[in-house]
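Trainee: Spelled out from the first residue to the last, the chains are:
Protein chains: 2
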Amino acid sequence: MIIEDVRNILSANDRIAAANRERFMRWGSYVVNMMSAPGAGKTTILERTIERLNGRCRLAVIEGDVRGSYDRDRLRSVADIPVVQINTEVAYGGECHLDALMIANAIGGVELPVTDLVFIENVGNLVCPAEFDVGEDSKVMVASVTEGEDKPLKYPLMYSVSDLLLLNKMDIAAAVGFDRELFLRNCHSVNPALLVIEVSARSGEGIPDWLAWLDGKSAR
Amino acid sequence: MIIEDVRNILSANDRIAAANRERFMRWGSYVVNMMSAPGAGKTTILERTIERLNGRCRLAVIEGDVRGSYDRDRLRSVADIPVVQINTEVAYGGECHLDALMIANAIGGVELPVTDLVFIENVGNLVCPAEFDVGEDSKVMVASVTEGEDKPLKYPLMYSVSDLLLLNKMDIAAAVGFDRELFLRNCHSVNPALLVIEVSARSGEGIPDWLAWLDGKSAR
Numbered sequence: 001m002i003i004e005d006v007r008n009i010l011s012a013n014d015r016i017a018a019a020n021r022e023r024f025m026r027w028g029s030y031v032v033n034m035m036s037a038p039g040a041g042k043t044t045i046l047e048r049t050i051e052r053l054n055g056r057c058r059l060a061v062i063e064g065d066v067r068g069s070y071d072r073d074r075l076r077s078v079a080d081i082p083v084v085q086i087n088t089e090v091a092y093g094g095e096c097h098l099d100a101l102m103i104a105n106a107i108g109g110v111e112l113p114v115t116d117l118v119f120i121e122n123v124g125n126l127v128c129p130a131e132f133d134v135g136e137d138s139k140v141m142v143a144s145v146t147e148g149e150d151k152p153l154k155y156p157l158m159y160s161v162s163d164l165l166l167l168n169k170m171d172i173a174a175a176v177g178f179d180r181e182l183f184l185r186n187c188h189s190v191n192p193a194l195l196v197i198e199v200s201a202r203s204g205e206g207i208p209d210w211l212a213w214l215d216g217k218s219a220r
Numbered sequence: 001m002i003i004e005d006v007r008n009i010l011s012a013n014d015r016i017a018a019a020n021r022e023r024f025m026r027w028g029s030y031v032v033n034m035m036s037a038p039g040a041g042k043t044t045i046l047e048r049t050i051e052r053l054n055g056r057c058r059l060a061v062i063e064g065d066v067r068g069s070y071d072r073d074r075l076r077s078v079a080d081i082p083v084v085q086i087n088t089e090v091a092y093g094g095e096c097h098l099d100a101l102m103i104a105n106a107i108g109g110v111e112l113p114v115t116d117l118v119f120i121e122n123v124g125n126l127v128c129p130a131e132f133d134v135g136e137d138s139k140v141m142v143a144s145v146t147e148g149e150d151k152p153l154k155y156p157l158m159y160s161v162s163d164l165l166l167l168n169k170m171d172i173a174a175a176v177g178f179d180r181e182l183f184l185r186n187c188h189s190v191n192p193a194l195l196v197i198e199v200s201a202r203s204g205e206g207i208p209d210w211l212a213w214l215d216g217k218s219a220r
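Note that the protein sequences, when read in sequence, are chains A and B.
All the letters of the first sequence, read from the start, carry residue numbers 1 to 220 under the working numbering.
All the letters of the second sequence, read from the start, carry residue numbers 1 to 220 under the working numbering.
Source of the hints: derived by calculation from the structure; they are not laboratory data.
Honestly, I wouldn't trust all of these hints.
As the list claims (entries may be wrong) - Computed Cβ-Cβ distance ranges for the label pairs, DEER-style: (1) A:A12 to B:R26: 43 to 51 Å; (2) B:R202 to A:V196: 22 to 30 Å; (3) A:A18 to B:A212: 50 to 58 Å; (4) A:D73 to B:V90: 36 to 44 Å.
Glycine included, every Cβ here is placed at the ideal spot set by N, Cα and C.
The whole structure should be built from the sequences, with the hints applied where relevant.
Mentor: Structure, rendered in structure tokens:
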């Protein structure tokens with residue numbers, strides 16, 4: 001019965017996600033759903049991304065957190081762009097992920113007709129965010145070299161559904177003894193098509209490659 | 001209605017947790033529920049802990065993962081102790097946390113009458129594991145210096161419910177620019193009573209303090 005409930009919830013979610021997608025497409029807004037474990041560096045990557053893209057295209061962000069608006073404040077201090085905060089603790093029972101309904105409700109705060117690129121920063125969690133289509137065009141996950149090479153095997157759904165993996169904190173890869181070959185082998189064992197871009201949000205390494213990928217996608 | 005469902009699930013969970021707790025107490029087994037974000041170092045800390053405690057007291061571990069038994073294999077290679085694997089993907093719809101029923105089902109694989117100390121290694125997630133009492137004596141969370149100083153503010157429930165925080169990867173604190181004072185201030189703003197022990201599972205720093213804490217608790 002619990003399984004049946006879960007199926008109904010996911011099917012309702014998919015209907016709302018389809019409506020979100022239709023609305024994004026109508027206005028030509030490209031939507032990227034950013035997911036990761038807590039602390040992998042989604043917000044810092046977004047800071048670097050917004051710094052470089054603001055003025056070149058029209059940006060908006062939907063921020064998902066259990067509580068607080070720390071990341072919204074960080075992004076708003078980088079550039080004067082719309083950042084809509086979702087707090088799952090307030091309206092959605094403290095959920096550990098974003099779903100399509102939350103995004104549908106948040107879209108009201110984004111002027112899609114004048115927005116080229118929408119970043120959704122999901123709640124930091126390697127499990128449930130991967131289960132919910134929110135109507136995005138691309139799912140981008142961030143992993144950091146400090147998390148361990150075994151994570152693709154332990155959180156396979158997240159690695160399977162992602163179109164792109166930003167492998168972050170490459171500047172400290174040596175300091176933490178990161179085994180790059182093993183990590184990539186584990187990634188590709190669960191998702192042979194997974195594209196990986198190595199970055200450091202701190203040093204800026206790899207960020208141009210990520211922007212080129214974004215450019216190729218959103219210019220379609 | 002969803003809120004009502006969630007309340008019913010939590011109340012059912014609490015009844016099963018109380019039964020687990022009674023069973024643990026009957027046999028004098030002390031139970032520690034270890035929680036953290038993915039990659040904070042729960043398993044490596046447990047490796048160091050088992051190395052040092054095995055032979056001094058009778059240990060068992062209940063391992064929680066969405067998929068796989070990589071951590072069980074790691075712990076079993078440290079010492080010949082019972083390690084019971086729970087895969088939430090197989091029997092529990094891919095849940096992102098352990099609950100009391102999963103633990104009740106796993107207890108069958110642990111001989112409580114000859115077990116002094118049971119470690120439960122929860123699914124790596126800073127949100128939902130904090131919501132579920134599983135019948136443990138202590139909730140111990142692991143945070144790593146790479147996760148960012150803001151995490152107590154963004155995942156307040158986990159920091160609030162924990163009895164002890166093991167602050168891990170102190171050996172790379174300087175390399176990642178960790179602001180210790182800010183992190184501790186944020187911790188204590190959500191949980192003034194939170195005890196923090198700074199450790200490095202890699203270098204062994206702080207592990208004796210953690211063992212002394214365990215000793216004081218489980219010897220009661």
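Trainee: Can you list which hints this structure breaks, lowest number first?
Mentor: none
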